[in-house]
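J.: Line order of the protein sequences matches chains A and B.
According to our numbering, the residues represented by the first sequence are 1 to 539, in order.
According to our numbering, the residues represented by the second sequence are 1 to 517, in order.
These are calculated hints, taken from the structure and not from any lab test.
Treat the hints loosely; a few may be bogus.
[Said to hold, decoys possible] In silico DSS-like links for lysine-lysine, alpha-carbon gap of 30 Å or less:
{"id": "1", "chain 1": "A", "residue 1": "455", "chain 2": "B", "residue 2": "210"}
{"id": "2", "chain 1": "A", "residue 1": "489", "chain 2": "B", "residue 2": "35"}
{"id": "3", "chain 1": "B", "residue 1": "75", "chain 2": "A", "residue 2": "265"}
{"id": "4", "chain 1": "B", "residue 1": "35", "chain 2": "A", "residue 2": "288"}
{"id": "5", "chain 1": "A", "residue 1": "350", "chain 2": "B", "residue 2": "35"}
{"id": "6", "chain 1": "A", "residue 1": "138", "chain 2": "B", "residue 2": "210"}
{"id": "7", "chain 1": "A", "residue 1": "496", "chain 2": "B", "residue 2": "71"}
{"id": "8", "chain 1": "A", "residue 1": "231", "chain 2": "B", "residue 2": "115"}
{"id": "9", "chain 1": "A", "residue 1": "64", "chain 2": "B", "residue 2": "51"}
{"id": "10", "chain 1": "A", "residue 1": "456", "chain 2": "B", "residue 2": "75"}
{"id": "11", "chain 1": "B", "residue 1": "71", "chain 2": "A", "residue 2": "452"}
{"id": "12", "chain 1": "B", "residue 1": "51", "chain 2": "A", "residue 2": "455"}
{"id": "13", "chain 1": "B", "residue 1": "35", "chain 2": "A", "residue 2": "496"}
{"id": "14", "chain 1": "A", "residue 1": "286", "chain 2": "B", "residue 2": "210"}
{"id": "15", "chain 1": "B", "residue 1": "35", "chain 2": "A", "residue 2": "117"}
{"id": "16", "chain 1": "A", "residue 1": "456", "chain 2": "A", "residue 2": "389"}
{"id": "17", "chain 1": "B", "residue 1": "210", "chain 2": "A", "residue 2": "288"}
{"id": "18", "chain 1": "A", "residue 1": "131", "chain 2": "B", "residue 2": "210"}
{"id": "19", "chain 1": "A", "residue 1": "456", "chain 2": "B", "residue 2": "52"}
{"id": "20", "chain 1": "A", "residue 1": "350", "chain 2": "A", "residue 2": "456"}
Each chain, letter by letter, is given below.
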Amino acid sequence: MGFFSTIFGFFGFGLGISIGLVAGYFLFIYVQSSDVEDPEIQPLVDQDPKTLERMLPEIPLWVKNPDYDRLDWLNKFLEYMWPYLDKAICKTAKDIAKPIIAEEIPKYKIDSVEFEKLTLGSLPPTFQGMKVYVTDEKELIMEPSIKWAANPNILVAAKAYGITATVQVVDAQVFASPRITLKPLVPSFPCFAQINVSLMDKPYVDFGLKLIGADLMSIPGLYTYVQEFIKDQVANMYLWPKTLEVPIMDPAKAFNRPVGLLRVKVLRAMKLRKMDLLGASDPYVKLKLTESNMPSKKTTIKQKNLNPEWNEEFNMVVKDPQSQALEFMVYDWDKVGKHEKMGINVIPLKDLPNDEPKVLTLDLLKTMDLNDPQNEKNRGQLELELTYKPFAEEDLQKGYDETQTLEKAPEGTPPGGGLLVVIVHEGQDLEGKHHCNPSVRLILRGEEKRTKHLKKSRDPRWEEEFQFVLEEPPTNDKLHVEVVSTSSKLGLLHGKESLGYVQISLSDVISNRRINQKYHLIDSKNGQVQLELQWRTAE
Amino acid sequence: MGLISGILMGMVFGIALMAGWRHMMAYRSTKRIAKAVDIKLLGSLNRDDLKKICGDNFPEWISFPVFEQVKWLNKQLSKLWPFVADAAELVIRESVEPLLEEYRPPGITSLKFSKLSLGTVAPKIEGIRVQSLKKGQITMDIDFRWGGDPNIVLGVEAALVASIPIQLKDLQVFTVVRVIFQLSEEIPCISAVVVALLAEPKPRIDYTVKAVGGSLTALPGISDMIDDTVETIVTDMLQWPHRIVVPIGVDVDISDLELKPQGKITLTVVRANDLKNMEMIGKSDPYVVVYIRPLFKVKTKVIDNNLNPIWDQTFELIAEDKETQSIVFEVFDEDIGQDKRLGVTRLPLIDLEAEVPKEMELRLQPSLNMLKIKEKKDRGTLTIKILYHEFNKEEQLVALEEEKRILEERKKLKAEGVIGSTMDALGSGVGVVGSGIGAGVGFVGTGVGAGVGLVGSGVSSGAGMVGSGLGAVGSSLSKAGKFMGRTITGQSSHSRKKSGSTTPVNSVQENGGAKPR
Chain A
1 MGFFSTIFGF FGFGLGISIG LVAGYFLFIY VQSSDVEDPE IQPLVDQDPK
51 TLERMLPEIP LWVKNPDYDR LDWLNKFLEY MWPYLDKAIC KTAKDIAKPI
101 IAEEIPKYKI DSVEFEKLTL GSLPPTFQGM KVYVTDEKEL IMEPSIKWAA
151 NPNILVAAKA YGITATVQVV DAQVFASPRI TLKPLVPSFP CFAQINVSLM
201 DKPYVDFGLK LIGADLMSIP GLYTYVQEFI KDQVANMYLW PKTLEVPIMD
251 PAKAFNRPVG LLRVKVLRAM KLRKMDLLGA SDPYVKLKLT ESNMPSKKTT
301 IKQKNLNPEW NEEFNMVVKD PQSQALEFMV YDWDKVGKHE KMGINVIPLK
351 DLPNDEPKVL TLDLLKTMDL NDPQNEKNRG QLELELTYKP FAEEDLQKGY
401 DETQTLEKAP EGTPPGGGLL VVIVHEGQDL EGKHHCNPSV RLILRGEEKR
451 TKHLKKSRDP RWEEEFQFVL EEPPTNDKLH VEVVSTSSKL GLLHGKESLG
501 YVQISLSDVI SNRRINQKYH LIDSKNGQVQ LELQWRTAE
Chain B
1 MGLISGILMG MVFGIALMAG WRHMMAYRST KRIAKAVDIK LLGSLNRDDL
51 KKICGDNFPE WISFPVFEQV KWLNKQLSKL WPFVADAAEL VIRESVEPLL
101 EEYRPPGITS LKFSKLSLGT VAPKIEGIRV QSLKKGQITM DIDFRWGGDP
151 NIVLGVEAAL VASIPIQLKD LQVFTVVRVI FQLSEEIPCI SAVVVALLAE
201 PKPRIDYTVK AVGGSLTALP GISDMIDDTV ETIVTDMLQW PHRIVVPIGV
251 DVDISDLELK PQGKITLTVV RANDLKNMEM IGKSDPYVVV YIRPLFKVKT
301 KVIDNNLNPI WDQTFELIAE DKETQSIVFE VFDEDIGQDK RLGVTRLPLI
351 DLEAEVPKEM ELRLQPSLNM LKIKEKKDRG TLTIKILYHE FNKEEQLVAL
401 EEEKRILEER KKLKAEGVIG STMDALGSGV GVVGSGIGAG VGFVGTGVGA
451 GVGLVGSGVS SGAGMVGSGL GAVGSSLSKA GKFMGRTITG QSSHSRKKSG
501 STTPVNSVQE NGGAKPR
């Protein structure tokens with residue numbers, strides 16, 4: 001008998017549990033409202049010590065760490081904007097979801113799937129601090145700490161066979177500190193070409209998921225499992241050094257890279273006008289590309305000649321053949337005083353054929369104003385041979401990639417040897433006793449290179465690149481870098497002045513292949529100079 | 001027996017399980033909500049909050065100024081600056097050059113950038129304040145400081161004088177920029193952005209003007225002229241309550257954000273007493289220039305040889321913002337060459353009561369800028385009668401309609417702008433009258449002076465006369481039309497946009513006032 005009683009007992013227990021669960025569901029869970037109320041927020045000053053203690057782990061980073069900046073203005077901004085943002089996001093989400101739902105539901109024999117409630121709640125994401133890192137590379141790095149403890153209410157109801165099932169997401173919380181890197185920086189708006197986002201730590205995620213009113217996430221153990229699962233998934237994709245890359249613009253375009261080479265051969269000039277009172281003029285030609293900050297090129301001076309022949313050749317880098325033009329000016333060299341302009345003219349590059357030499361004879365004008373009556377006077381002519389060579393398409397593509405990885409040395413570099421590239425970026429806090437028109441001298445094994453000098457600048461920016469071709473790796477050599485200031489006035493006193501120097505051991509450069517850093521100058525108070533050194537070999 | 005007890009026990013267990021779940025739900029929910037509240041509170045801490053949390057260990061590096069510091073933004077900005085400068089140069093060239101053209105003072109035929117580089121010093125943002133002064137709007141004030149080293153060379157071409165490169169050096173801008181975001185419920189949630197410079201503290205834009213390879217004496221008054229142009233552009237376009245409205249997205253109603261006529265001021269310039277004598281022989285020949293916006297000035301007749309002149313002339317001015325605007329009275333001495341300023345005074349509109357006629361005596365000062373006043377000498381007084389009338393809805397509409405009508409008319413007359421512009425070419429004298437009116441009689445002070453200086457007084461005044469009423473009106477309207485046209489296109493085809501608010505009465509008076517010259 002006892003056996004049957006036990007069987008019945010078990011049977012009854014099973015039945016009882018089902019009844020009990022259903023009864024309990026209706027008794028305790030079903031009656032709960034699916035609404036989410038706005039939490040009651042009392043000012044912090046009125047909180048009791050217990051609450052304060054609970055808060056301590058959540059204290060914003062800017063309070064704890066002096067290297068984090070406060071972002072309350074942004075929080076305020078978001079707070080004011082949040083109601084609008086909430087509505088806009090929810091509306092967009094609904095609009096996107098609708099056609100997808102309409103397409104999917106017939107497959108599953110569901111009558112309808114609807115958002116019954118959709119709001120992200122009254123609490124906006126908050127920034128708990130912002131840290132930026134300053135490096136010597138062309139990039140911006142920022143690390144905001146974002147905490148979004150929201151009270152959203154997303155209620156999706158699915159109807160099938162007359163039964164309604166609901167899924168509700170409440171109290172979603174996401175804390176993360178993404179590292180946002182903007183790079184490379186480019187000289188056209190918005191000034192960066194790509195946004196890279198990666199997470200420095202695994203994010204914290206918490207939420208309530210209610211299936212027909214019952215919160216699955218409060219089943220002990222399940223929440224931890226789900227949370228771990230989500231964390232790992234996200235971490236797999238975006239935890240540093242993995243990144244999410246969002247391209248903003250085509251960097252090749254933004255870089256304003258050279259697209260071709262213009263070869264100019266200044267042949268001769270004819271019938272120049274006499275400018276000097278005594279004897280004939282001493283003409284020379286100055287060439288410059290418009291919209292370019294490259295220094296202009298000059299021919300030699302032909303003494304006392306009104307029909308000079310130069311036959312000199314120059315190469316100029318073209319960045320945009322559609323808008324750039326070659327500007328040439330013929331000057332009269334004078335020993336004393338300002339050199340007189342003898343004539344000027346401009347050739348738009350877009351008129352030139354590709355890869356074909358073209359000889360042009362152009363009239364010299366007084367000014368570029370077409371209506372200027374002074375231009376009617378004959379000022380002579382200049383004969384030039386121009387060849388425009390656009391770079392091949394693949395070269396261009398390569399050109400961009402090379403900025404990412406280390407460039408290879410060009411062909412013709414001796415095996416075993418290589419190319420030492422020195423990029424002089426900028427200087428800081430330079431100080432001269434009498435003047436401060438700094439330029440940088442680079443000396444390696446007696447070979448000297450020099451940047452242009454910038455006038456009256458304590459924080460000059462040169463951005464110039466120099467190359468030294470070397471037969472073997474300069475393991476034992478030192479690069480001597482000196483910052484010199486030249487007086488702008490023609491004074492015998494204090495004509496030149498050293499603003500400081502530094503000696504860089506090149507073995508580091510060879511072992512690292514690339515070093516980009518600031519060097520403190522010797523013989524200077526606080527002066528620094530930022531140099532980028534690269535060692536390029538053929539392999 | 002077993003069955004029933006089993007069922008009972010099962011039920012109890014089941015219900016208990018559910019009750020337990022319910023309890024867990026409630027527990028986790030309250031925990032999450034409590035955390036959400038904590039995060040929310042910690043997202044906007046103030047000094048007292050932090051004191052309460054930290055107790056005695058209050059971190060000393062933290063302070064709470066009204067304008068929140070943004071060190072990180074400055075760091076990023078200085079890093080980004082070389083690239084921004086490069087990118088901005090092109091944009092500035094494209095956007096400012098037409099502006100210079102619009103506000104170009106008479107006597108100058110062309111004003112262009114021949115060199116523009118923004119230098120190596122990045123602007124600094126001293127602080128940011130965010131507030132919501134009006135529902136649906138966020139007001140952001142940015143304390144902007146730029147003591148830059150840009151290299152700007154302006155190519156100035158004046159009649160009869162070849163192009164002179166003018167260099168603006170040591171450009172410095174210290175101002176508080178107010179940006180108002182109009183919120184909307186569509187992505188990107190901002191339907192319009194309003195940009196203005198706060199009038200208080202007054203924007204400081206400093207620079208030194210230098211002629212490249214020559215001296216400024218080649219063009220008398222050029223420095224004043226540039227000052228005037230910059231000042232006019234700044235005060236009439238950017239300084240609060242004037243603003244630039246940029247609609248974001250399509251079909252945005254920005255009429256609420258625009259500056260609208262708020263009221264009308266009926267003003268009688270009665271007389272002046274004890275003016276300063278500026279002439280070597282005889283006495284000053286005073287006249288008064290009155291304006292709220294520098295672009296719309298009105299002017300009295302000239303009374304010769306009198307230090308206590310009586311004008312008794314009535315004008316109407318339109319006010320757009322009673323709270324911040326003020327009327328400026330400038331008393332000039334008409335002279336050969338540049339007219340000299342005898343005194344200036346300002347009357348804030350906020351001092352006026354609506355619909356109450358008032359007679360006032362205003363003390364004249366050498367300059368509006370109190371710092372610049374060196375001599376304490378009395379400059380005399382100016383007596384005025386004034387009545388502020390606040391527009392009601394209908395009147396405002398009428399005023400708006402009226403303006404629209406004038407706008408249309410001006411647009412039509414723009415065709416006749418050909419006349420105006422050819423006149424410009426004929427002689428700068430005509431240009432002076434024409435554009436002088438278009439821009440109000442604004443440049444009477446410096447503009448005419450410079451024009452005269454350039455062309456010679458006889459030609460100038462003669463041409464001014466020849467430039468008959470119609471011509472002057474035509475070119476003035478064309479100029480004004482151009483200005484209107486620009487704002488219309490600039491503000492994304494909102495014909496509602498208006499910039500000026502002179503009533504017809506005003507423009508007639510302006511013309512009348514200018515013709516005798």
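J.: Hint by hint, note whether the structure agrees.
T.: Hints, verified against the model:
1. A:455 to B:210: Status holds; Cα separation ~17 Å.
2. A:489 to B:35: Distance ~68 Å between residue 489 of chain A and residue 35 of chain B Cα, so the pair is violated.
3. B:75 to A:265: violated, 47 Å
4. B:35 to A:288: violated, 66 Å
5. A:350 to B:35: violated, 65 Å
6. A:138 to B:210: violated, 35 Å
7. A:496 to B:71: violated, 38 Å
8. A:231 to B:115: violated, 55 Å
9. A:64 to B:51: Satisfied, since the Cα-Cα distance of roughly 13 Å is no more than 30 Å.
10. A:456 to B:75: With a Cα-Cα distance of about 24 Å, the restraint between residue 456 of chain A and residue 75 of chain B holds, given a limit of 30 Å.
11. B:71 to A:452: Violated. Residue 71 of chain B to residue 452 of chain A sits at ~33 Å, over the 30 Å cutoff.
12. B:51 to A:455: With Cα atoms ~51 Å apart, residue 51 of chain B and residue 455 of chain A exceed 30 Å; violated.
13. B:35 to A:496: violated, 66 Å
14. A:286 to B:210: Roughly 26 Å between the alpha carbons, so the hint for residue 286 of chain A and residue 210 of chain B holds.
15. B:35 to A:117: holds, 23 Å
16. A:456 to A:389: Violated: residue 456 of chain A and residue 389 of chain A sit about 38 Å apart, past 30 Å.
17. B:210 to A:288: Distance of about 26 Å is within 30 Å: holds.
18. A:131 to B:210: Given that 30 Å is the threshold and the Cα spacing comes to 43 Å, the pair is violated.
19. A:456 to B:52: violated, 52 Å
20. A:350 to A:456: Answer violated: residue 350 of chain A to residue 456 of chain A is near 38 Å, above 30 Å.
Of the numbered hints listed earlier, those contradicted by the structure are 2, 3, 4, 5, 6, 7, 8, 11, 12, 13, 16, 18, 19, 20.
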